[in-house]
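J.: Below are the chains, spelled out letter by letter.
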Amino acid sequence: MSKYQKVAYYPGCALEGTGHAYNQSTKMVGKALGLELDEVKDWNCCGAMEVKNVDPKVQTYLSSRVMSIAANEMQAKVVMAPCNGCYHNLKKAEYDLAHDEASRQVVERISKKAGHDTYQAGQVETIHALDWIKDGIGEDELKRRLKGSLKGLKVANYYGCMYTRPRHIFPEKDQGAGSESTSQPHFMDDLLAAAGAENVDFPLKTACCGGAHTLSDSDTSTKLVLNILRAAEAAGADVIATECPTCHSGLEMHQVRAEKVLGQKTTVKMLYFTQLLGVALGVSPRKLGVHENVSDGLSLLKEKQLV
Amino acid sequence: MREELLQQAEAVLEEWVKARGEVPTAETIEGFRLLALHRQGARGVPSFNACRETCREIAYHYNLLADEQGQKTLQMMTLLVEHLRLFVRGKLEVEGLGEFCCSSRALRQEPETEASPHG
Numbered sequence: 001m002s003k004y005q006k007v008a009y010y011p012g013c014a015l016e017g018t019g020h021a022y023n024q025s026t027k028m029v030g031k032a033l034g035l036e037l038d039e040v041k042d043w044n045c046c047g048a049m050e051v052k053n054v055d056p057k058v059q060t061y062l063s064s065r066v067m068s069i070a071a072n073e074m075q076a077k078v079v080m081a082p083c084n085g086c087y088h089n090l091k092k093a094e095y096d097l098a099h100d101e102a103s104r105q106v107v108e109r110i111s112k113k114a115g116h117d118t119y120q121a122g123q124v125e126t127i128h129a130l131d132w133i134k135d136g137i138g139e140d141e142l143k144r145r146l147k148g149s150l151k152g153l154k155v156a157n158y159y160g161c162m163y164t165r166p167r168h169i170f171p172e173k174d175q176g177a178g179s180e181s182t183s184q185p186h187f188m189d190d191l192l193a194a195a196g197a198e199n200v201d202f203p204l205k206t207a208c209c210g211g212a213h214t215l216s217d218s219d220t221s222t223k224l225v226l227n228i229l230r231a232a233e234a235a236g237a238d239v240i241a242t243e244c245p246t247c248h249s250g251l252e253m254h255q256v257r258a259e260k261v262l263g264q265k266t267t268v269k270m271l272y273f274t275q276l277l278g279v280a281l282g283v284s285p286r287k288l289g290v291h292e293n294v295s296d297g298l299s300l301l302k303e304k305q306l307v
Numbered sequence: 001m002r003e004e005l006l007q008q009a010e011a012v013l014e015e016w017v018k019a020r021g022e023v024p025t026a027e028t029i030e031g032f033r034l035l036a037l038h039r040q041g042a043r044g045v046p047s048f049n050a051c052r053e054t055c056r057e058i059a060y061h062y063n064l065l066a067d068e069q070g071q072k073t074l075q076m077m078t079l080l081v082e083h084l085r086l087f088v089r090g091k092l093e094v095e096g097l098g099e100f101c102c103s104s105r106a107l108r109q110e111p112e113t114e115a116s117p118h119g
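The listed protein sequences derive, respectively, from chains A and B. Residue numbering for the first sequence follows my numbering, starting at 1 and increasing by one per position. Residue numbering for the second sequence follows my numbering, starting at 1 and increasing by one per position.
Rather than coming from a laboratory, the hints here were simulated on the basis of the structure. Wrong hints could be hidden among the right ones.
To be verified - With the Cβ distance kept under 8 Å, some of the chain A side facing chain B (calculated, not the full set):
(1) G148
(2) G152
(3) R165
(4) S183
(5) L204
(6) C208
(7) G210
(8) H213
(9) T220
(10) K223
Claimed, not checked - What follows is a set of in silico ranges between Cβ atoms, one per label pair, in the way DEER data are often shown:
(11) B:N63 with A:G282: 31 to 37 Å
(12) A:D42 with B:A66: 54 to 60 Å
(13) A:K112 with B:R43: 50 to 56 Å
(14) A:R286 with B:K18: 52 to 58 Å
(15) A:Q264 with B:D67: 29 to 35 Å
All residues carry an ideal CB built from backbone N, CA and C; glycine is no exception.
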């Protein structure tokens with residue numbers, strides 16, 4: 001049995017809000033693949049960008065608490081976070097606690113005050129939803145379980161920036177054949193190709209979408225997103241597959257804004273990779289939350305006769 | 001056209017390097033001044049690595065265009081240069097106001113203060 005067959009699930013704040021469809025489709029795909037999720041009890045915010053920008057050590061503590069609950073209260077060995085921001089922050093906290101004494105001291109002090117066990121580096125392994133499916137099931141088993149196919153669907157896979165950067169907090173990546181690459185990530189490409197999709201060559205797959213800029217400089221964010229959407233269309237994509245709720249929301253909202261503010265219309269759709277996999281696994285679009293997306297992915301799926 | 005686009009990309013990074021009070025390098029990495037400029041621009045600013053792959057893709061598309069005259073490749077290189085321009089422009093605008101790219105923020109870069117807020 002794979003060590004990822006049952007994992008502690010850390011959905012994070014976004015998956016209870018704008019990323020609700022990602023949460024739902026992740027659970028549905030897990031169910032269809034026979035992978036178990038055990039949600040982290042009483043989880044808290046990972047520290048996101050807000051806390052991290054004010055005090056990085058408090059962010060380290062917040063992420064460490066999630067891992068502490070998983071390790072010490074649930075006896076979990078693996079924590080799976082589908083959100084790039086959460087995944088990134090837990091990995092960063094892991095790195096800090098393994099390499100920085102000052103961070104260890106702060107985490108120990110706050111953990112004692114909060115009355116829970118202090119997380120020790122190495123107690124759990126943090127993975128992304130992509131690792132969970134790619135390493136927990138793999139392409140061959142995924143193919144065996146398919147009830148449909150994504151045949152005829154051209155996909156641009158967009159990973160965003162936090163999934164691979166900074167590379168030193170992801171020591172398991174760039175380890176040769178079979179491992180994920182920080183410069184040319186491919187796990188989502190691999191999984192969707194196994195489900196029958198045609199991946200297009202998309203050179204902006206890890207480019208900045210201006211997500212951190214959305215409120216302070218919306219115009220720059222809109223232009224960055226518009227450029228990504230145009231590149232996907234130029235590459236021939238019908239849909240951009242996403243694996244992060246923040247990226248996904250950013251692409252969808254700025255697609256609308258680009259048309260309203262800049263008069264620049266693009267038609268490429270956005271779907272979470274879990275929604276696409278779910279379709280290939282025979283799960284209904286409604287159960288995958290496709291109707292919750294801003295861009296009309298359902299019409300595309302119908303047009304391509306995939307549902 | 002590919003030469004022009006590459007020069008535009010270099011000019012974008014030159015602007016960034018100059019804004020930081022440095023002289024843009026004339027060196028090359030793997031045959032590309034663009035990559036050397038990126039390395040120079042990212043020194044001490046880890047968040048600048050958020051455009052590293054964009055620079056490498058520009059170099060890759062430049063090489064592709066040596067062997068083909070594909071309109072699609074040219075269009076993609078144009079979009080890549082535009083992305084670099086937008087990213088650096090945004091970066092210039094917010095420099096001093098905070099990190100543009102939270103994901104690449106340096107770890108433990110804040111100065112230690114006497115009065116710790118964690119106590």
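J.: Would you mind marking each hint as holding or not holding in the structure?
T.: Each hint, compared with the structure:
For G148 (chain A), the suggested interface contact is broken, since its CB lies about 30 Å from the closest CB of chain B, more than 8 Å. Checking G152 (chain A) against chain B by beta carbon gives a least distance of about 20 Å; that is not within 8 Å, so the hint is violated. Restraint check, R165 (chain A) versus chain B: the minimum CB separation of about 5 Å is within 8 Å; hint holds. Taking 8 Å as the C-beta contact cut-off toward chain B, the hint placing S183 (chain A) at the interface holds, the least distance being around 6 Å.
Residue-level restraint check for L204 (chain A) holds (minimum Cβ-Cβ distance to chain B is 6 Å; threshold 8 Å). For C208 (chain A), the shortest C-beta to C-beta distance to chain B is roughly 5 Å, which falls under 8 Å, so the interface hint holds. A cut of 8 Å between beta carbons decides the hint on G210 (chain A): the least distance to chain B is about 6 Å, and the hint holds. Evaluation of the H213 (chain A) hint against chain B yields a held restraint, the C-beta minimum of about 6 Å falling below 8 Å.
Interface hint status for T220 (chain A): upheld, as the beta-carbon distance to the closest one in chain B is roughly 4 Å, under 8 Å. At about 5 Å, the closest approach between the beta carbon of K223 (chain A) and any beta carbon in chain B falls short of 8 Å, and the interface hint on this residue holds. Remark: the range hint 31 to 37 Å for N63 (chain B) to G282 (chain A) is contradicted by a beta-carbon distance near 43 Å. The given range of 54 to 60 Å is respected by D42 (chain A) and A66 (chain B), whose C-beta atoms sit roughly 58 Å from each other.
At about 39 Å, the beta-carbon gap between K112 (chain A) and R43 (chain B) misses the expected band of 50 to 56 Å. Separated by about 54 Å at the C-beta atoms, R286 (chain A) and K18 (chain B) satisfy the suggested range of 52 to 58 Å. Judged by the Cβ atoms, the range 29 to 35 Å given for Q264 (chain A) and D67 (chain B) holds: they are separated by roughly 32 Å.
Taken one by one, the earlier hints fail for this structure at numbers 1, 2, 11, 13, listed in ascending order.
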